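Undergrad: Residues per chain are reported as follows:
Protein chains: 2
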Amino acid sequence: MDGRAVEVYRTAARIILQKGYDATSVSDIADALGITKAGLYHYIKGKTELLYEIMKYGLEELEREVLVPAREIADPEQRLRFVVTTHARIVTRGDGVVTILVDEARALTPAQNRNVMRMKRKYIDCLRDTLDELKKLRKLRGVDTTVAAFSITGAINWLSRWYRPGGELSAEEIAWQIADIALNGVLRPS
Amino acid sequence: MDGRAVEVYRTAARIILQKGYDATSVSDIADALGITKAGLYHYIKGKTELLYEIMKYGLEELEREVLVPAREIADPEQRLRFVVTTHARIVTRGDGVVTILVDEARALTPAQNRNVMRMKRKYIDCLRDTLDELKKLRKLRGVDTTVAAFSITGAINWLSRWYRPGGELSAEEIAWQIADIALNGVLRPS
Numbered sequence: 102m103d104g105r106a107v108e109v110y111r112t113a114a115r116i117i118l119q120k121g122y123d124a125t126s127v128s129d130i131a132d133a134l135g136i137t138k139a140g141l142y143h144y145i146k147g148k149t150e151l152l153y154e155i156m157k158y159g160l161e162e163l164e165r166e167v168l169v170p171a172r173e174i175a176d177p178e179q180r181l182r183f184v185v186t187t188h189a190r191i192v193t194r195g196d197g198v199v200t201i202l203v204d205e206a207r208a209l210t211p212a213q214n215r216n217v218m219r220m221k222r223k224y225i226d227c228l229r230d231t232l233d234e235l236k237k238l239r240k241l242r243g244v245d246t247t248v249a250a251f252s253i254t255g256a257i258n259w260l261s262r263w264y265r266p267g268g269e270l271s272a273e274e275i276a277w278q279i280a281d282i283a284l285n286g287v288l289r290p291s
Numbered sequence: 102m103d104g105r106a107v108e109v110y111r112t113a114a115r116i117i118l119q120k121g122y123d124a125t126s127v128s129d130i131a132d133a134l135g136i137t138k139a140g141l142y143h144y145i146k147g148k149t150e151l152l153y154e155i156m157k158y159g160l161e162e163l164e165r166e167v168l169v170p171a172r173e174i175a176d177p178e179q180r181l182r183f184v185v186t187t188h189a190r191i192v193t194r195g196d197g198v199v200t201i202l203v204d205e206a207r208a209l210t211p212a213q214n215r216n217v218m219r220m221k222r223k224y225i226d227c228l229r230d231t232l233d234e235l236k237k238l239r240k241l242r243g244v245d246t247t248v249a250a251f252s253i254t255g256a257i258n259w260l261s262r263w264y265r266p267g268g269e270l271s272a273e274e275i276a277w278q279i280a281d282i283a284l285n286g287v288l289r290p291s
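Residue numbers (the working numbering), protein chains in the order written: chain F, 102 to 291; chain Z, 102 to 291.
Just so you know, same-sequence chains aren't split out, so a pair can sit in one copy or run between any two.
With a straight-line Cα cutoff of 20 Å, these simulated EDC-like cross-link-like pairs (lysine to aspartate or glutamate) come out:
| id | residue 1 | residue 2 |
| --- | --- | --- |
| 1 | 148 | 123 |
| 2 | 236 | 269 |
| 3 | 148 | 108 |
| 4 | 236 | 274 |
| 5 | 223 | 233 |
| 6 | 120 | 150 |
| 7 | 138 | 123 |
| 8 | 237 | 226 |
| 9 | 221 | 233 |
| 10 | 157 | 226 |
Just so you know, these hints were derived from the structure itself, not from any lab. Keep in mind the model is a prediction, meaning the values are calculated, not measured.
Construct the complete structure from the given sequences, taking the supplied hints into account.
TA: In structure tokens:
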């Protein structure tokens, strides 16, 4: 994907996040990018298409940076820690691209929504499969792996609502703290 | 608060949750309640006021059912379990009143927003103070109590995005599972 398209998605995501999807116009986004509306339509087909493109970009980022490398990690405990810390880093990186994913799904067409749901399910399945593997190895506490997978996802995604750069802890420290809480929460004490 | 006002808030919350705030009209809400717009204006001043009233109702519910009784629990570990399970029950009760709180804050006036933020802070402070108490008693793992408080809140609030009644686990079982994950995640093994 060319760098300009990424900039379009990130800028649009930031504005939609601030103003809300319904209140954001294509002109707002063009203004923020310093280009004309016609110039913006070189990258996007329209507002609904744009929202979908942003979500797709965010979920593909999650797949590329989290899910694909996670598959290479044989040890499920290490894999779980990798998924949590890497996903947390993406959220605190703060471009809002992934953040926005959670709230505006109602503006998608049914076909777009199905595709977004399918990509989100891949993420949850990765977490749950890893937890199921740990269960087979008797390393898991008596927790339901679905509840555990969603609870961990919730803790990570919630970061986008409270994390501010420049606080007492660095993004890296926070990512590790969340991983510690998540792993201790689901694994038997060794 | 009279029962009819509660019904107005719950119904409005459900519709705003489905359609989004901007796309919801006062007529939509009146229709769903089976009353006229004039009848609805007996309960609400307007759309912005309504959103604020819903949020206030949801946060007052949280204060009444979680924060006030929590203060009566001397043992911080028991208090933590009470806060997590009771809050999770409110979310799975599924009236959407609390759920909606998290997304639509941008439609509030600055004064309303300040009040909502103040009430949300009371909730986070309750969790964090409880965790700080556990830290003093050397019962806490080496986790930052702010990160822990927000991570636990995220896991609970995320319930509203994935929980569906009639699944394999009851709402009560899920509430206890989340509490187990949260407590094991932050407490030293005893």
